[in-house]
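Spelled out from the first residue to the last, the chains are:
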Amino acid sequence: MTTRPLQKILYVEDDEDIQRIVRLSLERIGKFTVEVESDPLAAIEHMRAYQPDLVMLDWMMPGMDGPTLFRKMKESPDTNAYPVVFITAKASSRELDELTALGAVGTISKPFSPKDLPGQLRAVWEKIPD
Amino acid sequence: MNADTPASALDTTPSPPAATPDVDRADPKAVLADRVEQLYGQMWLGVVATFAIGTIATYELWDRRMQDLVSFWWGLVALLTITSAALILAYQRSPTRAADAAQWLRWLAIAALANGANWGFAGSVFFPSHTDEQQIFLAFLLSGMAAGGISIYAGSWRIFAMYAAGILAPFTYVLATFGNRLFIEVALMVPVFYAVTVAIAYRLEMVFHAGYQLRHAYGRLTADYSLLNARLERQLVELDDARRQVEASGRKLALFAESAPIPIFEFDPMGRVVTVNREAENLFGHVSKEVVGRDGTAFLFPSELTASVTDRWRSFIRDAKPVMGLRFHNVRRDGSEIVCEWSLTPLVGNDGKVISVIIQGNDITQQLEVERMKKEFMSTLSHELRTPLTSIIGSLQLVNSGVLGDVTSDVTDLTTIAERNGERLLDMINDILDIEKIESGKFTMVPEVVSIDALVREGIALNQAFAERHNTHLETTGEILPVKVHVDRKRLLQVLTNLLSNAAKFSPEGKPVEVAVKAADGRVRVEVHDRGPGIPESFRSRIFSRFSQADSTTARQKGGTGLGLAICKHMIEMMQGEIGFDERPGGGTTFWFQLPRHTD
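Protein sequences appear in the order of chains E and P.
Note that numbering that gives the first Met the number 0 numbers the first sequence so that position 13 is 12, with each residue one more than the last.
Note that numbering that gives the first Met the number 0 numbers the second sequence so that position 286 is 285, with each residue one more than the last.
For the record, the hints were derived by calculation from the structure and aren't laboratory data.
Idealized CB from N, CA, C, for every residue including glycine.
Computed cross-link-like contacts, BS3-like style, restricted to lysine-lysine with a CA-CA straight-line distance of at most 27 Å:
| # | chain 1 | residue 1 | chain 2 | residue 2 |
| --- | --- | --- | --- | --- |
| 1 | P | Lys504 | E | Lys114 |
| 2 | E | Lys114 | E | Lys7 |
| 3 | P | Lys374 | P | Lys489 |
| 4 | P | Lys517 | P | Lys489 |
| 5 | P | Lys373 | P | Lys436 |
| 6 | E | Lys114 | P | Lys489 |
| 7 | E | Lys126 | P | Lys483 |
| 8 | P | Lys489 | E | Lys126 |
| 9 | E | Lys114 | E | Lys126 |
| 10 | E | Lys73 | E | Lys126 |
| 11 | P | Lys352 | P | Lys251 |
| 12 | E | Lys7 | E | Lys30 |
Label-pair distances were calculated between CB atoms; the ranges are:
| # | chain 1 | residue 1 | chain 2 | residue 2 | range |
| --- | --- | --- | --- | --- | --- |
| 13 | E | Ala100 | P | Gln365 | 29 to 39 Å |
| 14 | P | His485 | E | Lys126 | 21 to 31 Å |
| 15 | P | His328 | E | Lys73 | 30 to 40 Å |
| 16 | E | Lys73 | P | Pro446 | 25 to 35 Å |
| 17 | E | Lys126 | P | His328 | 39 to 49 Å |
| 18 | P | His328 | E | Ala122 | 46 to 56 Å |
| 19 | P | Glu336 | E | Arg121 | 46 to 56 Å |
| 20 | E | Ala122 | P | Phe538 | 40 to 50 Å |
| 21 | P | Asp452 | E | Lys126 | 17 to 27 Å |
| 22 | P | Arg488 | E | Ala100 | 13 to 23 Å |
| 23 | E | Asp38 | P | Phe538 | 48 to 58 Å |
Covered by chain P, according to a simulated footprint, are these stretches of chain E (three or more residues, beta-carbon under 8 Å):
| # | region |
| --- | --- |
| 24 | 11 to 17 |
| 25 | 23 to 31 |
| 26 | 102 to 115 |
Bound-form chain E, shown alone (with noise of 0.2 Å):
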């Protein structure tokens, strides 16, 4: 359990409309601070500068894809610690198992609910071990 309050989110996503509705959700009823990147080519620079305690991908984008974008991001150590959380259109549970296995704290399959979606995010931050 990590005592540590869920504060700073990074989230990656191509789609504008779906950006505007997560950082509304996060913001207004999750209270968290939000930064979104919507070119996952630079969201390692992003992470670097930001610092967030989460990052949210996207799996299907542009340029590159969640999957490769996240191990991208085990590759670089000042990248690697970063806990993160799928969210993605993907149905079946084969392909959200294979995010689990590639070291994904969480899935959030689309359409997610906005209301919901701060709820499901502290209840998988606060399963993450120290």
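Assemble the complex: chain E is given as a structure, and chain P must be docked to it using the hints.
Quick look at chain P alone, frame taken from chain E:
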């Protein structure tokens, strides 16, 4: 030997010294008929000789003193000649002479005795009254006649004995009573001469008899042999017929294979091509005569597969069992690659070894491409439809949650309607994706141990709002048992949601939907009771089929794709359970599913 048919003492012939089993095969009646035939055949010679010698003797013995007696004797010779000739002719003309052989033998015996007696009469009457020279002539004549009879009557020693006795007995008597010592001595020698000639005749008969027996035995053998030959010939004909039939069915099979609309090869156990049908020629581009005798792996497979295909071929020949649905990349004559699904059927001999292998191939390249495109389409559908729905439903939820500030109640009403319909659309997309996964066999389960009471309460909580919108509410009835089941939690919740929302949709206003949990016989049963209109009789049998709804009016009024229950049935069956419904006493329907209890 012929003891069973002794027509008279005359046909009882002496047994040959050593009868071989083959000789036993001769028919005794046929042997007798042959002997009689031989006797009559030689009689002409005897008749002619008797007449000629009798006439010469008459001339030699002519004497004025005994003119009448000699003439009378010659008359007897002539009479016997005529009678004998008549007998021979009668015999030769008789159509039943073989069957009546014993009777003809008796007639012959009478003729022979009369003939012998006539010569004996000549000896006894003329010997005493004639000169010394004439006596010598007579003695010579009589012994000659007796000796000559051996050859004529060789077929029956008894007839010869009677004939010779007729000649020699009176003559011996005359010699013995003549009063001359020399003649008495000759008279003593005549019986010895008689005995010797009869003995010779006996031997001759035996030889003839054995000869005829052999002839008949041989005849029987020949008949048997011909019979055997005929049977062999018949069998050969039958074999030939059978061969033709086999050839015909072989041709039929070949014709069938040749014109079959699927590629067919026949390989020998070494993997060499024996035959190729037209469809296989068309698919792979090789003409039959180019590939017959060649190693199939050498031209049907890309070179990198040759080794593994050869290994599989060897183990297939070893097992000699049919194999179906083998997928391989294959190469055509022009170098292009296709994917084929192969079925191999070994033709196995009585010794369990493979004689040849019938191979059917099916080009599934296009089918695979279609499958790939379908999968890609489904993936696109999944992503491209859900992403905008995420934005729509998400936005509406944020508005409806009130975190963005107060809006007028009309706005809230409309955004609530929009959100609800967005979710309906999402449910339908999810149903279609589920059915697609079920059909393509990609529907998977993630089983875990779940307590059924928690699941039922969660299901009720999730669907209470939906029920309230339909002016009803969900409640439990009886004790909700904390029974454990081993299931995919999300999927079971999906089933429960489906049953609860259906019940809520069809429940009349104010009548609650009741959920009960029962456990028995190692199974747990979850029941959802409603007081709805019930399931129409005509719809009951296909309620769990895809795209089924009681009528299209219902679909418009109540929504849904008609896939929900089909998906539920599939999911419950994947969890080793059953799903069904019963009419509820007092109106309404009970939908239920039951699952095996989990035991630690």
